[in-house]
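Colleague: Construct the entire structure; sequences and hints are all you get.
There are 4 protein chains.
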Amino acid sequence: MITRRFLFGFFALILALGNLHRSANVTYADSDGRDEMLRKMDERADHFGQISRRIWEFAEVGYKERQSSDLLKSELRAAGFQLQENVADIPTAFVASYGAGSPVIGILGEFDALPGLSQDSIPEKKALAAGAPGHGCGHNLFGAASAFAAITAKDYLIEKKLPGAIRFYGTPAEEGGAGKVYMARAGVFNDCDVILAWHPGDANGASLKSSLANISAKFRFHGQAAHAAGAPDKGRSSLDAVMLMAHAVDMMREHVPQTTRLHYVITNGGGAPNVVPDYAEIYMYARHPNMPTLDGIWARVVKCAEAGALATETRMEMELVASVYNELPNEPLANLIDKNLRRVGGVKYTNEEQAFAEKLRQSFALDGALSLGSQEQVQQMEGGVSSGSTDVSDVSWIVPTSEFRAATYVPGTPGHSWQSTACTGFSIGRKGMVVAAKTLALSAVDLMQDTKLIEAARADFNKRRAGHEYHSRIPAQQKPPLNYRDK
Amino acid sequence: MITRRFLFGFFALILALGNLHRSANVTYADSDGRDEMLRKMDERADHFGQISRRIWEFAEVGYKERQSSDLLKSELRAAGFQLQENVADIPTAFVASYGAGSPVIGILGEFDALPGLSQDSIPEKKALAAGAPGHGCGHNLFGAASAFAAITAKDYLIEKKLPGAIRFYGTPAEEGGAGKVYMARAGVFNDCDVILAWHPGDANGASLKSSLANISAKFRFHGQAAHAAGAPDKGRSSLDAVMLMAHAVDMMREHVPQTTRLHYVITNGGGAPNVVPDYAEIYMYARHPNMPTLDGIWARVVKCAEAGALATETRMEMELVASVYNELPNEPLANLIDKNLRRVGGVKYTNEEQAFAEKLRQSFALDGALSLGSQEQVQQMEGGVSSGSTDVSDVSWIVPTSEFRAATYVPGTPGHSWQSTACTGFSIGRKGMVVAAKTLALSAVDLMQDTKLIEAARADFNKRRAGHEYHSRIPAQQKPPLNYRDK
Amino acid sequence: MITRRFLFGFFALILALGNLHRSANVTYADSDGRDEMLRKMDERADHFGQISRRIWEFAEVGYKERQSSDLLKSELRAAGFQLQENVADIPTAFVASYGAGSPVIGILGEFDALPGLSQDSIPEKKALAAGAPGHGCGHNLFGAASAFAAITAKDYLIEKKLPGAIRFYGTPAEEGGAGKVYMARAGVFNDCDVILAWHPGDANGASLKSSLANISAKFRFHGQAAHAAGAPDKGRSSLDAVMLMAHAVDMMREHVPQTTRLHYVITNGGGAPNVVPDYAEIYMYARHPNMPTLDGIWARVVKCAEAGALATETRMEMELVASVYNELPNEPLANLIDKNLRRVGGVKYTNEEQAFAEKLRQSFALDGALSLGSQEQVQQMEGGVSSGSTDVSDVSWIVPTSEFRAATYVPGTPGHSWQSTACTGFSIGRKGMVVAAKTLALSAVDLMQDTKLIEAARADFNKRRAGHEYHSRIPAQQKPPLNYRDK
Amino acid sequence: MITRRFLFGFFALILALGNLHRSANVTYADSDGRDEMLRKMDERADHFGQISRRIWEFAEVGYKERQSSDLLKSELRAAGFQLQENVADIPTAFVASYGAGSPVIGILGEFDALPGLSQDSIPEKKALAAGAPGHGCGHNLFGAASAFAAITAKDYLIEKKLPGAIRFYGTPAEEGGAGKVYMARAGVFNDCDVILAWHPGDANGASLKSSLANISAKFRFHGQAAHAAGAPDKGRSSLDAVMLMAHAVDMMREHVPQTTRLHYVITNGGGAPNVVPDYAEIYMYARHPNMPTLDGIWARVVKCAEAGALATETRMEMELVASVYNELPNEPLANLIDKNLRRVGGVKYTNEEQAFAEKLRQSFALDGALSLGSQEQVQQMEGGVSSGSTDVSDVSWIVPTSEFRAATYVPGTPGHSWQSTACTGFSIGRKGMVVAAKTLALSAVDLMQDTKLIEAARADFNKRRAGHEYHSRIPAQQKPPLNYRDK
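Chains as they are written, first to last, in the numbering used here: chain P, 1 to 487; chain Y, 1 to 487; chain R, 1 to 487; chain A, 1 to 487.
For the record, the hints were derived by calculation from the structure and aren't laboratory data.
Keep in mind that the hints are not guaranteed to be accurate.
Put simply, identical chains are the same to the list, so a pair is met inside one copy or across any two.
Stated by the list, open to error - Heads up, simulated DSS-like pairs for lysine-lysine below, C-alpha to C-alpha not over 25 Å straight-line: (1) K73 <-> K40; (2) K303 <-> K73; (3) K479 <-> K359; (4) K234 <-> K359; (5) K359 <-> K348; (6) K234 <-> K161; (7) K218 <-> K303; (8) K234 <-> K125; (9) K126 <-> K303.
Modeller: Written out as structure tokens, the structure is:
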């Protein structure tokens, strides 16, 4: 028998979850004008819904979100926010501020679309423009709801004559472009006390989850072209290099911790079959719940690339596309959000929406999915590690940050799909966005009014970050990859 | 941001561990002659220690354990046990029984060595015979301690005039030969009420762990030989087929649950380099914590093999070498063992043994290892899934079974190493074996005297097995691979 | 057509074949108005040069040559030819005929450009439009010279009142689209007595070479998409299938005759790295000097593709893109062409052209290249097997056919390069095209006037084809891949 | 020596080389006692046949040919030869010399067997000892015939009172051990004027063929062992490195000249499947008709190995096993041999031998094989490049050397097969060996008596070697791999 001392190492992370649900027992904060605030939000919901719809129609990919960014900026400027534009040399990144002094509460807003997901807001597959981008991750709602919340909180600040500042961060290119990492490098988050964020989803819920740190790069190989029938011995194939690297990475899977994720596509596999390819490119992601561990894994991925070049007499160059940290959860903030989310409640469908939802659910596997109706509830807070990665994580290592999700998709809808794109352009998405905006606004004003909450968030942040130092794996001299979405 | 609803799926298994350690608070059973029994065991410890040493010196690999099996049989026969030999057509498998009626308490004993691990019982690397087998998994102690316990329990049975029967199962070829699966098929465990087992380790502890189900096979490819310089186009390379299959399996790693394990060696990679290999062989293991899931994975491994043959115009044949289940833990039995193990206590080293241990610990990485001295304690019971596989698991699906470990190796010693081989031939190993024998004997007599314990074990067994049916993946017509250790 | 200057190196050894050079000793045919014909051609050279330049500027890829085809058609129609358009359901394929009765002499004309080879007509690398197509194989000259020759021969036919017909075949998509194979299937070559063709090159010379039979296909794999970090075990990667197939083909190289050529590019290697690719495509060529041998090799390539799908649980579909035969040379026709080519003579450069040539030759390796000045000579006829493939070959199995080359590129210029594109848009290319047109016209009228030449060509054709039957490997029901150049 | 009957298929085209067959017209040299010499050889044929049979029974592999070497030495010593033993630190290498002064005529003799080819001297497959070595390349005959010829020539030398010396070179380990390369390095061939050799085959014939230069090495990879289920991430697999190197080499096949040969077997593919292999080995051959070209190819093979190590974090070490040159043919010597071989004539079978031959020919494919009866003829001399490699080649770069073959196998018998082993132990083999011995003896005495022949051989040698310098690719410090046949 083989020694039994090995445990799949990962279980330990989940054990401290005992009292996650304590928040459910917390007494709701007294209204102090919050009911009125929420009522006014209902009045303005259509306006911000239309903003989300216009961004959905713009469907601009990472770093190209000119119209989307401009629309949000004009809305915030009109509401009296001061604008810092072209942050970190990114044309579509901006910070909108109102107020001064302490505390400083930031709210994140994203607005980039995904390539190839164009889809009408109907429950059957139909692209608006074949191959065009679409909002399959609902960032049209994300940006609009966050702006809605920032403006609402600002109004409350004025009304209550509270000290402190509200910030809206217009953060481009979350999808693979790591916009926030460059904004973080520019220091725009440094003086914040707390950052709030949310994300479209198929359910409502606060979160104590971490996420996967992620490093991604394009490895480009340069060989020697030759006529593939006439003089293949004169050629040195860059595609051979790509394939050898990929094979090496595939074998490496056995020899990394099982929670690692390595995945790639071949973005250039040669030109014409009758020419030995002198250029080929592979686009590689590596992820792990822990950044220093990921560093070691990534160093080995690079060796695989070097080996590909060595064996094939080609030349390799690597462009680091993005790198984000694993997310640092924050328990006091998550509890606060959970409380407010429960106060706001979930989403109720009209008959028309119910029909849309039923139809849509016929188009994907329901195996393990939340049931229809669950959009009306708020889920229990979850810990563990999400399988995704986000540049919100980098912010979470600088400022106490918490993110939650609201049910903007029909329960069970997979992310990054035509179905999620359909939802985020439809009234169902806009209803979920209002849940998010209200929860953000309530939490922001709670934090403005109760600095103990901020202290608790800071203490939890310090504890979790202890012994680690944040520094992005993107080289200091690297500029934002403003054209990373170009072929 | 990517949808967060994915959790690394595995954590759930560990949650029911809340009250594992309850046993520590249980009042020790009153002696009722047990102290005397343990005292007599001390007297006979040397005798059984010598038996373990002789088996260590025999160092016979799976299904070839003639002398080892004979030695244990003669000991048990001399003690009055009835012997059923050549069980399941395996020359070295046997059942030794004493008594009749109910209950029937079985104790498992293994005695096969591992190839290539020959080593002297000294704390530095030195083979007794280069390349020869050695007891790197301590089965020499396993068999001897279990026989010691069975004989002791039999004596107690006689002394106390208790009803019921004691069984010793002589189970060959645990290391890759799955001997118990063939014995199970022959029905020899069916009328047992409880099975007890232990395993050599670097610590003392009862266990609630499961293990990995395992399927292994040799895939053989038959091609067409040809002169590799003169007529390679006439050849069809079986090595190409092996390599293609391996590549396919390496890519498949990404597309199986992360707790899957796939590993292989190439056991025949061709003859002379100047001949296109017409024969090649790869030996593949697949493991997963759940047998039905493993079935699906295995079916895909077979497809990879078929693809290797298809692409290379070779012919594939598969020989299933072994298949074992994931282990079914048993909480009442584990609690009973934990209680008795704590009564017996751990292992105290002499000065000489301490020096041996200190020297040995310089030869391996101590990173994460138990500290020296821990051999004196009993560890907390552990749940989860071990990374190993064992044919004890198949028994655990037929009869309530529990296994524990005793500190026969210096703390930190890796299994299947020259270091573990050194320990199992040394006094340190023999001391740990006495701990095991005493714990087995105590537990056996407890079970003989308290049928409620048996009922509780059965109830737990029924609950865990509910909805599943045991049937070995080894084809019914397949005979024990008595020569699987031959090249 | 792919450049023909590559020789399998070993074949050079066998050049001393029989009486290839006999032609050098043949007495030139008496003029009978041919001198006058050539003089008139000099007058019209500029006109057809401009046509070639316009087609060079159109730079239309296979099956999309609308403007190029229209331009040639209008020229031939104006000259009195009867047009059969949309031949074989190909919008740009046509047959232009003049005259009736016997003999029927056909001249082939191509006019498709190559993707990605846009280049100005200057001796340094400069695309006219980055990434756009360009005439790197000189088919702009091919079509224009052949039309020039057909019109000239027609005029001679009228003048001399000769019986018989002249045909110009407008044959699209030589580069990978196998246009002539579909035209052949439509039967348009069946009643021809002889077919003449030429090809742009870096030297002047008649040819007895064969070429490589070629089968090419796109293999498409359909898998199952999944989030590559969240649920990779749910995914079935079509890219895995592509890579496994490619690995199998790479191993197969050892086990095919050494004159085989297998080459591929990955035309779709997945979408985004964070999604398990559910679609991937590989574009594969296989070539061999003998079609039945190639059939066997191709069957094995298909098995590699099937194995890729089998191992990865994906679905494969194959689209046969093209298949052309090995070329059947014709000795009497080659001798005739050699004679006429020597009568016409090579190309003389002006000072400006000399400077262009010298500059251009600095941009490529001269190792083994013909020397500057060699464009003025006519090379010895060559036998052996070219390393290229062409759909002219299919015609050569139906009608006695011969092809020669004229020096339209600076000596040493590699085919399918920016350098060859520069030449074919420059005066150097147009001068070489006149050499070709004159040689074609002379040969056509020789054949019209001397039916013994046709009989000899037919006899040689019958002898070489004996024991074989022509049938294209493109399935009878397959339509021309009019969109094969679309991504 | 590796079977020489394979021709690169294309070379057949060039067989009509100039004046190869001139020899057929040469007037046979006057007898001058040669008839008597041949008569005496018939008397001693049985004696040397028995020597060949004993070596066939010894069946000792490369560098282990103790008994075989001793037997030949004792025979030569008894005949009056002076012995230089343990040449080049090889226990079984020796030089036996008789006479002094000029000229010095050397005759090569080999005597090593091949692993795994044990076979009885009967026409059906039956090993004498399963897995044991056998004389599948007929070196038992090679050594015995050459010794027979050397002793015969020595007797003639004495009888005719001729000046000069006769040498017999006892050359071990031709099969992969490159024994002659180490002997050459020790300088033992330097003062020879001419070297004669032969090789067992399925036909009789002189030769103008070259052979393939060959470099071979064992690449060993050292990784990190780990439990393959418990801690695969701690392991670094040396088998991964082997497989990656092999994949790289397989892709490289496309990018080397087509006459290159690359072939390998995996000689160690890991130990037990449940341990990540920390050791693996691949045995690689690379061949090409030209040594400097092979150098470049080999450098790339080494890069593939380095890449395998780099990507997998393992360590690579290379042991160069052997390296031999391409053979330098010698036309005057080949003509001399051809003349003498025709004088001696082929082999006539008895009825029993005919029955053996007919039966044996049923066991292999006759496709393309010489017909039964052809053993009685002498084949036309062949040029081109054989697909085999031999360490005779290295001698051929130092001294004018020529090798021929005699029909010791039944026509059509593949080399390195149980069938060739059966023949070389049977009377058929011994008859062919007498043909060889007589041809060697005749050629040796011709050379002793006619120094013009030696001058002509030297002139041809100088011309062919012009511009090249011989230096073995085996490092100067490398000792003979006396244990290369050990696992």
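Colleague: If a hint holds in the structure, say so; if it doesn't, say that too.
Modeller: Against the structure, the hints come out as follows:
For a Cα distance limit of 25 Å, the shortest separation of K73 from K40 inside one copy, 21 Å, qualifies, whereas the shortest one across copies, 73 Å, does not. Taking the closest pair of Cα atoms, K303 and K73 never come within 25 Å of each other, the shortest separation being 44 Å inside a single copy and 56 Å across copies. Proximity of K479 to K359 under the C-alpha cut-off of 25 Å is found in neither arrangement, the shortest distances being 45 Å within a copy and 39 Å between copies. Proximity of K234 and K359 under a CA criterion of 25 Å is satisfied inter-copy only: 24 Å between copies versus 58 Å inside one chain copy.
Taking CA atoms no more than 25 Å apart as the test, K359 paired with K348 passes inside one copy only; the shortest distance there is 17 Å, against 70 Å between copies. For the homomeric pair K234 and K161, neither the shortest alpha-carbon distance inside one copy (77 Å) nor that between copies (54 Å) is at most 25 Å. Taking identical chains as interchangeable, the C-alpha atoms of K218 and K303 lie at most 25 Å apart whether they share a chain (14 Å) or sit on different chains (23 Å). Taking the shortest alpha-carbon separations for K234 and K125, only the inter-copy value of 22 Å comes in at or below 25 Å, while the best intra-copy value is 48 Å.
Taking identical chains as interchangeable, the C-alpha atoms of K126 and K303 are never at most 25 Å apart, the minima being 43 Å within one chain and 36 Å between chains.
Hint compliance for this structure: hints 2, 3, 6, 9 are broken, all remaining hints hold.
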